[in-house]
Amino acid sequence: MPASEYLRQSALAALGLAAKAGAGPARGAGVILRECAPRAQLCLRGGPGADFEKAVEGVLGVRPPLESGMSARNGDRTLLWLGPDEWLAVLPDERSEEVLSRLRDALAPLHVAVVDVSHSRAVVELSGAHARSVLQKGCHLDLHPSRFRAGSVAQSKFARCHVLLHQTDDAPAYDLYIQRSFARYLWSWLEDAAAEFGVTVEV
Amino acid sequence: MNEQRFRLFAGGRIDRERAVRFDFDGERYTGFAGDTVASALLAHGVHLVGRSFKYHRPRGILSAGAEEPNALLQVGRGAYTLPNQRATQVELYAGLSATSQNRWPSLRFDAGAVSSLLSPLFPAGFYYKTFMWPPSFWLRHYEPLIRRAAGLGRSPTEPDPDRYEKMHVHCDVLVVGAGAAGLAAALSAGRTGARVMLADEQSEPGGWLLGSKTAIDDAPAVEWIASALEDLRSMPEVRVLPRTTVTGYYDHNYLVALERVGDHLPPGTGGARPRQRLWKIRARQVVLATGAHERPLVFRNNDRPGIMLAGAARQYVNRYAVRPGESAVVVTNNDSAYPAAIDLSDCGMQVHIVDVRSRPPEAMAAAARQRSIEIFAGHALVAAHGHARVREVTLASLDAARTGYTGTPRRLSCDLVAMSGGLNPAVHLFSQSRGRIVYSPERGCFVPGESVQAERSAGAANGTFPLAYCLSEGREAGKAAAAAAGFRKRGGLRSPKVEGEREQPAEAWWISPPSRAGAPLNKHFVDFQNDVSAADIALAAREGYRSVEHVKRYTTTGMGTDQGKTSNTNAIAIISQTLGVDPSQVGVTTFRPPYTPLTFGALAGRDIGELADPVRTTPMHDWHLAHGAAFEDVGQWKRPWYYPAAGESMQDAVDRECLAARNAIGILDATTLGKIDIQGADAAEFLDRIYTNGFRKLAPGRCRYGLMCGEDGMVFDDGVTARLADRHFLMSTTTGGAARVLAWLEEWSQTEWPELEVYFNSVTEQYAVASISGPFARALLEELATGIDLGPEALPFMSWGEGRVAGIPARIVRVSFTGESSFEINVPSDYGLYLWTTLMRAGARYGITPFGTEAMHVLRAEKGFIIAGQDTDGTVTPDDLGLGRMVSRHKDFIGKRSLARPDCRRADRKQLVGLLTEDPQTVLPEGAQIVDRVLPRPPMKMIGHVTSSYFSANLGRSIALALLRGGRERHGERVVLPLPKRRVAATVTAPVFYDEQGERLRA
Amino acid sequence: MLLIHCPWCGPRNEDEFSYGGEAHIVRPAAPEAESDAQWADYLFMRTNRKGLNLERWVHTHGCGRWFNVARDTVTHRIEAVYGMGEAPPVQSRGGG
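Here the protein sequences come in this chain order: A, B and C. Those letters in the first sequence? Residues 316 to 518, per this note's numbering, in order. Those letters in the second sequence? Residues 300 to 1302, per this note's numbering, in order. Those letters in the third sequence? Residues 4 to 99, per this note's numbering, in order.
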């Protein structure tokens, strides 16, 4: 295999998902699974406080959400609440280095940490009519629409690993951020859990 | 046997259009959809379905529900089979195969029944008294014997082919039980908009109403049920779960329920749907509408087939359209048996009523007499007669004291006895919720006391039996529960109209006196499943047992799979009578989950096979796989252990890998080591407090090996930390310690030193790491690296630099765990595989050789480098490891004060040493004990143990590390390690075997 | 399965948290100045009440924050949840 072909390999590359896509039921599948393309993920520690929030907003155009379990979005940049002094900035992969250095510069005078964790987690999108039921098989969060909706974020246990869950659409659709080394386990788990509803793999 | 001789021509909740064939003990039968195995067998006149546990007495169908103690069947074939299934709950499906249990060779002729003849020899506590001595006999003789005799079905031996799911859900109101009260509760809670779950164990909601002829709103009760369900279905936030048993009630309103999704379908037809689903429910409020169980009456031979509970008989007539016999004797201490008698009579049976009360209820008695039912008031059943089926009963008039009989006993022939000793509220879940249950003398039963959790009981479960009250109590409970969860709706629900019922009080009367004073009560059965008689319980009381918990264990009453649902109250009453105290003083046993047994499949769910536990893999995993690596589990990680070439043994492969790392290049996937990014103005100060050695003076660009102790002074992890910038460090930890160390840092930061400005972030998964070691490592890397000077002056041992390797941005760290000149190359994980394959390709001409964890262990042991967790075990200080020089005298750190405790300063502590066996080919087993003096047999005084031991190809001999008492003073001494069948002598050395000066790693 | 109210994430199942032992045990400012007995008391001795205990928990599978919980070890009732460094809003009680 020429080097360029596997220069960059996602956590799920070996599963041959492209071949699986299209093999499943095209219509009527209750669950759709997709490995998301690489995205820049930057962990921000700092604040809360006006200086910190303004500096972050200055670079990303998004103010860090202060309410637990929430996210904020501006165009292709999203900030996910991870803790009272912790956020995950998610943005297009190609902007990772530029934003990282701008953030470091803007925040330099403050007590902060900005860490590139883009390769730390794989992201799997789960959608379809039965997406919530699949999640409920492995996760005890209350995902009822009155409690958890588009924009909601939570970290929790999922199956036998740790997950960062971000609901991206009320349809519903969810992004599952999972530690890279657990990604294959999680994918197998999700495919198995979704089997009773019919599952389609997309790329 | 296709003739359903006892099936009624009309009525019931069965589907006569859908005949269902099944077999029982090899005989073929036909029932209808909607039948249970019990109702279908009764439709054929089959009452005898099993043998009892201890005496192997013939047993029939006692109940029509979850409380069944007798009719336990082995259901299904092969891998699908399940033991101890209650025939009264197993729904019929086409091809169902059931067999009776506890019998050999057949149900009608059972060899074990001889123990029934010997029953006087098996009193309460028999096992305790008989199988006591000698103790060695337990394992070899008694236990196998008892186990073989015990029976109770068999579990399948094949892997379970079915799927089992788990669901985690939240609701505002969980209603348990969909009888009259439960439906009313769900309706009133549901209309407020609250999220309501209604779980019911039966195939269809309705509870005992399904088996009654009661009218609600002037129409049959089933119509009210249907309209209630329709209302519930129209509420989007209400979920109704039939075939779902709530089996456990845990802390903070956490409940577990088992849904039998596919148990009523032929095996293997569920597709991807699960057979069972375990629901884990967090409910803000709970309504327990679990109904009640009818109590048997206790008289001689009350366990004969054909003797069943009156309410169950009524269920079989009305719900299943089965006539449970030709001629019935209904015996009771309360009113509820009268409607049963009337229903039995109306379906064509000849009926007699025996009422222990002298004044039967007037209106009900009149209705009975209209049907020519003869009533024997003030009478009791003295005994039942018959063997495989009741044939006749003896009844007699009770005397004034009600402890004996007057007049001449009479005999009535019958093939059915329907008995009612009153109702026991099903308080199991309430009790599990830690609520205390209390005895109600008016109602002659135990009822829920004060609620402890956010819970309320309603209807029969609360000791409220008349239908009108059940409905209104259920409605109020549902409304109150919803309100407590924050949901209200104005206006009330209309009360359904129910015919008024005025009952005569039940008589708290439990047990028929013996036929003559002093005659034994050893055939007056209390616990059917465990064959416990009134005589056993009285004996326990006479032998001094006062606590019901002790009586339970001594007699085994209530300890069967049914957990005494039908027997506990009778047992308590008999204890109280024997002791002459009130039942409330006897107390009750603790109800424990599960309410009915759960399958292991449901508990395991899908956490089986490859999903049993996560397998963590590195970005290079597929290369390792493709190149034949044998893997070692390190925590959840799969790490290459060694890479056997064709025909190589493990030792061959490890030897080859070890030699390559010292003579050419070895390459190790080191991705799994923990990596923690540490930033902040106080980062150096923080590290100074965490590590035993100092980090403040570490220059940016340099690395330092650090030891971490617990506050008790014992080493718990180690690793190299690089200073990336003035306020920025990168710490590495052991693979197993990654999560623990991060948690440790966070704990001290958040709880003890919040004033220190420092943040920690795990970057373990961010970087893939390939570590190359050996004399040609630098040469190889120089071919691939750009933008970095790799020379020993620019990048000396214990420093790091940044550049590109194969075009990938990389951090190169000069640390060494092998003792060779090493380069640890960190790249973003997605490039890990590319980095690895590039190194392998370019390294081929240097003889690059991948090595696994085994070779890594050997190489580091040659150098005497410890592995925290292998050479340490939580009782080892830095000084014990010979690393006392790493303990700073100039600062405090976690654990420092403990190192000054007298025990940590003893000279004879176990210290790390090397061991060289006298025979260089002998490899000591890890864990082998070093003894003070060898004696012919243990015990011997142990003075140390081997922590690491390998054959070193580089040294051509075995090496070992050990912790040895006062070891540092014993270098050069000879020690002996006794092993099974041999002794190994070894010489104590310093714990370093190779390149003591460390010239190679600095190269 | 207890339901623990994380001060930041709200009510979550017990298995998301890790237990951190008795709260309000202060690390001596100058460990070297402590006698062996005083140090042993800090290191080893815990109250372990049968009743209301003040204890530390960390939201391991959530926001990762440490906090204090007042929990009755007999009934499992949680009477209060409060931050690190805050004074307990209730007093511990029960046999030591």
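The set of hints was computed from the structure by calculation and includes no laboratory data. Just so it is clear, CB atoms sit at the ideal spot from N, CA and C, and this is done for glycine as well. Among these hints, one or two may not hold up.
[What the hints assert, rightly or not] Taking CB as the label site, the calculated pair distances span:
{"no.": "1", "chain 1": "A", "residue 1": "G390", "chain 2": "B", "residue 2": "F1096", "range": "46 to 56 Å"}
{"no.": "2", "chain 1": "A", "residue 1": "N389", "chain 2": "C", "residue 2": "D44", "range": "20 to 30 Å"}
{"no.": "3", "chain 1": "A", "residue 1": "K335", "chain 2": "C", "residue 2": "P31", "range": "39 to 49 Å"}
{"no.": "4", "chain 1": "B", "residue 1": "A1042", "chain 2": "A", "residue 2": "D408", "range": "25 to 35 Å"}
{"no.": "5", "chain 1": "A", "residue 1": "E517", "chain 2": "B", "residue 2": "A980", "range": "39 to 49 Å"}
{"no.": "6", "chain 1": "B", "residue 1": "E1225", "chain 2": "A", "residue 2": "A336", "range": "46 to 56 Å"}
{"no.": "7", "chain 1": "C", "residue 1": "G86", "chain 2": "B", "residue 2": "S794", "range": "30 to 40 Å"}
{"no.": "8", "chain 1": "B", "residue 1": "E1225", "chain 2": "C", "residue 2": "D44", "range": "32 to 42 Å"}
{"no.": "9", "chain 1": "B", "residue 1": "A1042", "chain 2": "A", "residue 2": "D366", "range": "25 to 35 Å"}
{"no.": "10", "chain 1": "C", "residue 1": "G86", "chain 2": "B", "residue 2": "P1108", "range": "55 to 65 Å"}
{"no.": "11", "chain 1": "A", "residue 1": "A336", "chain 2": "B", "residue 2": "T456", "range": "38 to 48 Å"}
[Claimed, not checked] Below 25 Å or equal to it, Euclidean Cα-Cα: the simulated PhoX-like pairs (lysine-lysine) are:
{"no.": "12", "chain 1": "B", "residue 1": "K579", "chain 2": "A", "residue 2": "K472"}
{"no.": "13", "chain 1": "A", "residue 1": "K472", "chain 2": "B", "residue 2": "K512"}
{"no.": "14", "chain 1": "B", "residue 1": "K996", "chain 2": "B", "residue 2": "K1240"}
{"no.": "15", "chain 1": "B", "residue 1": "K1240", "chain 2": "B", "residue 2": "K1190"}
{"no.": "16", "chain 1": "B", "residue 1": "K937", "chain 2": "B", "residue 2": "K512"}
{"no.": "17", "chain 1": "B", "residue 1": "K996", "chain 2": "B", "residue 2": "K1195"}
Verification of the supplied hints:
{"no.": "1", "hint": "G390(A) - F1096(B): 46 to 56 Å", "in the structure": "holds, 48 Å"}
{"no.": "2", "hint": "N389(A) - D44(C): 20 to 30 Å", "in the structure": "violated, 55 Å"}
{"no.": "3", "hint": "K335(A) - P31(C): 39 to 49 Å", "in the structure": "violated, 60 Å"}
{"no.": "4", "hint": "A1042(B) - D408(A): 25 to 35 Å", "in the structure": "holds, 30 Å"}
{"no.": "5", "hint": "E517(A) - A980(B): 39 to 49 Å", "in the structure": "holds, 46 Å"}
{"no.": "6", "hint": "E1225(B) - A336(A): 46 to 56 Å", "in the structure": "holds, 49 Å"}
{"no.": "7", "hint": "G86(C) - S794(B): 30 to 40 Å", "in the structure": "violated, 50 Å"}
{"no.": "8", "hint": "E1225(B) - D44(C): 32 to 42 Å", "in the structure": "holds, 37 Å"}
{"no.": "9", "hint": "A1042(B) - D366(A): 25 to 35 Å", "in the structure": "holds, 29 Å"}
{"no.": "10", "hint": "G86(C) - P1108(B): 55 to 65 Å", "in the structure": "violated, 41 Å"}
{"no.": "11", "hint": "A336(A) - T456(B): 38 to 48 Å", "in the structure": "holds, 40 Å"}
{"no.": "12", "hint": "K579(B) - K472(A)", "in the structure": "holds, 15 Å"}
{"no.": "13", "hint": "K472(A) - K512(B)", "in the structure": "violated, 50 Å"}
{"no.": "14", "hint": "K996(B) - K1240(B)", "in the structure": "violated, 46 Å"}
{"no.": "15", "hint": "K1240(B) - K1190(B)", "in the structure": "violated, 39 Å"}
{"no.": "16", "hint": "K937(B) - K512(B)", "in the structure": "violated, 65 Å"}
{"no.": "17", "hint": "K996(B) - K1195(B)", "in the structure": "holds, 20 Å"}
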